[in-house]
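Line order of the protein sequences matches chains E and Y.
My numbering numbers the first residue of the first sequence as 21 and each following residue consecutively.
My numbering numbers the first residue of the second sequence as 125 and each following residue consecutively.
Please note that a few of the clues may not be correct.
To be verified - Sample of chain E residues lacking proximity to chain Y, with all beta carbon distances greater than 10 Å (derived):
#1 Val99
#2 Thr130
#3 Ser137
What the hints assert, rightly or not - Cβ-to-Cβ under 8 Å is the rule here; a few derived chain E residues that face chain Y:
#4 Tyr94
#5 Asp219
#6 Phe457
#7 Leu501
#8 Leu644
Rather than coming from a laboratory, the hints here were simulated on the basis of the structure.
These figures come from a predicted structure and were not determined experimentally.
Just so it is clear, CB atoms sit at the ideal spot from N, CA and C, and this is done for glycine as well.
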Amino acid sequence: MTATCHDVADAGPVDGDVVALVGCPNAGKSSVFNHLTGLRVRTANYPGVTVTRTAGRLSGTGSTVTVTDLPGTYGLEPVSPDEQIVLDHLHGRLPGTPAPDALVLVVDATTLRRSLSLVAEALALGRPALVALTMTDELRGRGGDVDAAALARALDVPVLEVVGHRGHGVDALRAAIASWRSWDTPVVPPPVDDEAQLDAWAASVVAASGYRAPGPAGVTARIDRVLLHPVSGVAVFAAVMVAFFQTIFTVAAPVQGWIEAGFAALAAGAADAIPVPWLADLVGTAVIGGVGGVLVFLPQIVLLFALLALLEGSGYLARAALLMDKVMALTGLDGRAFVSMLSSVACAVPGIMSTRTMPSSRDRIATMLAAPLMPCSARLPVYLLLVGMLVPAGSTWGPFGLQGLVMLGLYVLGGVSALVAAAVLTRTTLRGDALPFYLELPPYRMPSAGTVAHAVGSAAGTFLRKMGTVILGVSVVLWALMSFPARPAETAGMSDAEASAYVLDHSWAAGIGRTVEPVFEPLGFDWRVDVGLVGALAAREVFVATMGQLAAAEDPADPGAALAHLTWDDGPRAGEPVLTGPTMVALLVFFVYALQCVATLVVMRRESNSWRWPAVALGYMSALAWVMAWLARTVAEALT
Amino acid sequence: MTQQATAPAPGEVRLDAPVAAPLSTLRTGDRAVITGVVDALPAAVRRRLHDLGVAAGTPVTCLRRAPFGSPVVYRVGETDLCLRRALTDAVLVTVAGR
């Protein structure tokens with residue numbers, strides 16, 4: 021029961037044996053793992069680092085063996101702290117995590133000669149081992165061949181052919197794993213210390229196993245001639261990225277709308293059914309609304325991870341990383357970071373989650389810290405509101421609508437800032453420990469539906485279990501800050517809009533807003549805007565609703581007219597309108613840079629396995645937001 | 125196995141033992157055989173290159189360049205690898221032809 025009820029990383033001694041899957045990236049290891057474990061898997065971080073491993077119960081045999089999928093690696097000699105952790109795990113040097121009892125080496129038959137290096141290092145660990153030889157259909161299709169039985173004799177361990185995407189050989193593998201105690205450990209471990217001897221050993225194994233190397237993958241080469249061509253390749257890449265991105269907006273957005281509407285209806289129904297007003301509001305707005313606020317991320321997460329799994333499984337993601345590498349190298353990252361950055365334009369939450377595919381810890385963290393600067397879709401309602409108030413509708417600059425140009429400018433500002441932030445981060449606090457860049461281009465393969473389903477299920481499950489509860493908790497707290505103390509006596513005679521404005525004006529959040537007013541006063545924000553910023557911590561789009569509430573707008577979704585009449589209560593600008601031109605410019609720039617979405621912080625904490633990095637992100641982005649907003653305001657004032 | 129790089133000067137023809145040049149000097153379509161890596165490479169990186177298939181005696185072909193010139197795709201044995209200049213300057217090969 022342990023593997024499915026507890027986080028593997030937290031588990032002490034595991035009852036039931038642990039068999040670890042070791043193999044190169046692109047060898048079909050995750051496909052094998054998915055076949056072996058079915059749906060009940062848990063992904064966990066190694067303690068203290070961002071490296072993850074997935075574990076699940078061996079399905080179908082009723083056995084108690086837990087299968088652990090270790091990160092794919094080309095060799096066990098560690099080049100980075102990430103890989104050191106995996107090696108420590110294999111040697112049993114990690115406190116609280118015992119070494120696996122046995123190893124399944126997932127070996128791609130089409131790259132056998134190279135893969136024997138990893139096989140040798142794994143066999144040298146002295147653990148019972150079995151080789152699962154994958155892609156043998158592809159090997160034979162390309163004119164190669166191998167004799168699994170001869171290979172088993174040469175290696176002195178059992179060898180099973182497994183064709184992952186068709187499920188051939190999986191049952192035999194399952195049965196073999198259930199009886200892992202019958203596996204042998206090689207009598208003479210391979211000579212891993214001397215490269216020349218290792219090469220000689222590998223050559224003798226290859227010869228003894230009747231291995232014939234496959235010819236080049238013809239179809240892949242022909243496709244790459246188009247997809248990696250300077251002109252057609254970049255064009256196809258741009259089209260794929262646009263489609264990728266558009267799908268997230270056009271397919272996810274309506275589903276998100278249904279979720280929001282559904283939960284709003286549910287909340288209204290609950291509120292009607294509960295007689296006590298504050299309880300009705302708690303259950304309705306805070307709890308049901310909060311749950312809806314968490315679930316609203318799911319369509320984007322599901323869609324993004326499904327698309328990523330398709331791109332990765334087919335092999336195209338490596339091509340995309342290749343095309344973008346030169347550009348990303350300017351930021352100190354490599355091409356793989358591009359997709360995570362791009363995903364963050366839809367929403368930083370799945371974008372940050374997608375960094376787990378990057379092999380380097382330092383690159384993962386740099387990407388995570390820079391990704392929230394990408395202009396995410398939650399900023400859009402705020403931009404629309406403020407640009408609508410700031411720029412007269414229909415005004416143009418040459419042939420272009422001015423409002424559209426300003427929106428584009430905000431997006432470009434966010435995107436460029438994210439890349440600059442990544443460049444600064446990789447050259448300062450996250451310098452060093454840079455892996456030399458290498459990327460394997462696997463042959464194009466049909467992605468398996470099972471692998472896609474697993475990637476989606478894992479991401480969505482992790483999000484709901486680990487992050488959803490925290491996000492919900494925080495939104496309930498924020499709701500409480502904005503709704504209490506309730507003032508039934510004073511608001512008895514007011515209309516709904518006035519009553520909610522009054523409660524918000526005198527709430528704890530308002531107290532916070534008034535307290536921090538001096539900090540934001542140079543930017544031109546009065547305490548009510550600050551309350552709006554507090555509300556935006558739950559989700560940026562809440563800013564619009566909060567401002568609407570504060571302005572006692574009749575329609576909280578379109579508070580533009582009401583907001584234009586907001587004036588300063590007191591202080592040097594008493595009586596003047598709050599949202600002047602320079603103030604709105606400052607507010608727009610503030611939203612470009614500020615890290616406001618609590619969900620982002622929670623996801624960052626989860627993916628980086630510590631509170632340190634979200635704290636760094638919050639700190640640097642808040643400071644950046646204040647400074648840039650002040651600069652923008654100063655420039656705007658000088659120009660008007 | 126490591127060696128010092130001694131690429132021939134332009135126009136120079138050497139008639140003695142085959143010359144080891146950095147992998148980065150291969151043009152698209154050139155075939156070569158890997159002879160080793162430069163001494164200066166850290167041991168861990170050398171090991172990783174070996175695990176990727178960059179071992180003495182392995183045939184290597186320069187397949188194509190990325191649109192902006194970097195990285196370059198090489199077929200090393202049966203694997204297609206993208207490598208940047210920093211690594212390909214450190215891998216030594218003997219050119220075998222086109």
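Right, here's what the structure says about each hint:
Listed as a non-interface residue, Val99/E fails to keep its Cβ farther than 10 Å from every Cβ of chain Y; the least gap is roughly 5 Å. At the 10 Å boundary, the C-beta of Thr130/E falls inside the reach of chain Y, the nearest C-beta of that chain being 6 Å off. Separation of Ser137/E from chain Y is inadequate, the least Cβ-Cβ distance of about 5 Å not exceeding the 10 Å criterion. Hint status for Tyr94/E relative to chain Y: holds, with the closest Cβ pair at about 4 Å, below 8 Å.
The interface hint given for Asp219/E is met, as the beta carbon of that residue sits about 6 Å from the closest beta carbon of chain Y, less than 8 Å. A least Cβ separation of about 5 Å between Phe457/E and chain Y falls short of the 8 Å threshold, and the interface hint therefore holds. Evaluation of the Leu501/E hint against chain Y yields a violated restraint, the C-beta minimum of about 50 Å exceeding 8 Å. A cut of 8 Å between beta carbons decides the hint on Leu644/E: the least distance to chain Y is about 29 Å, and the hint is violated.
Consistency with the previously given hints fails for numbers 1, 2, 3, 7, 8, ordered from lowest to highest.
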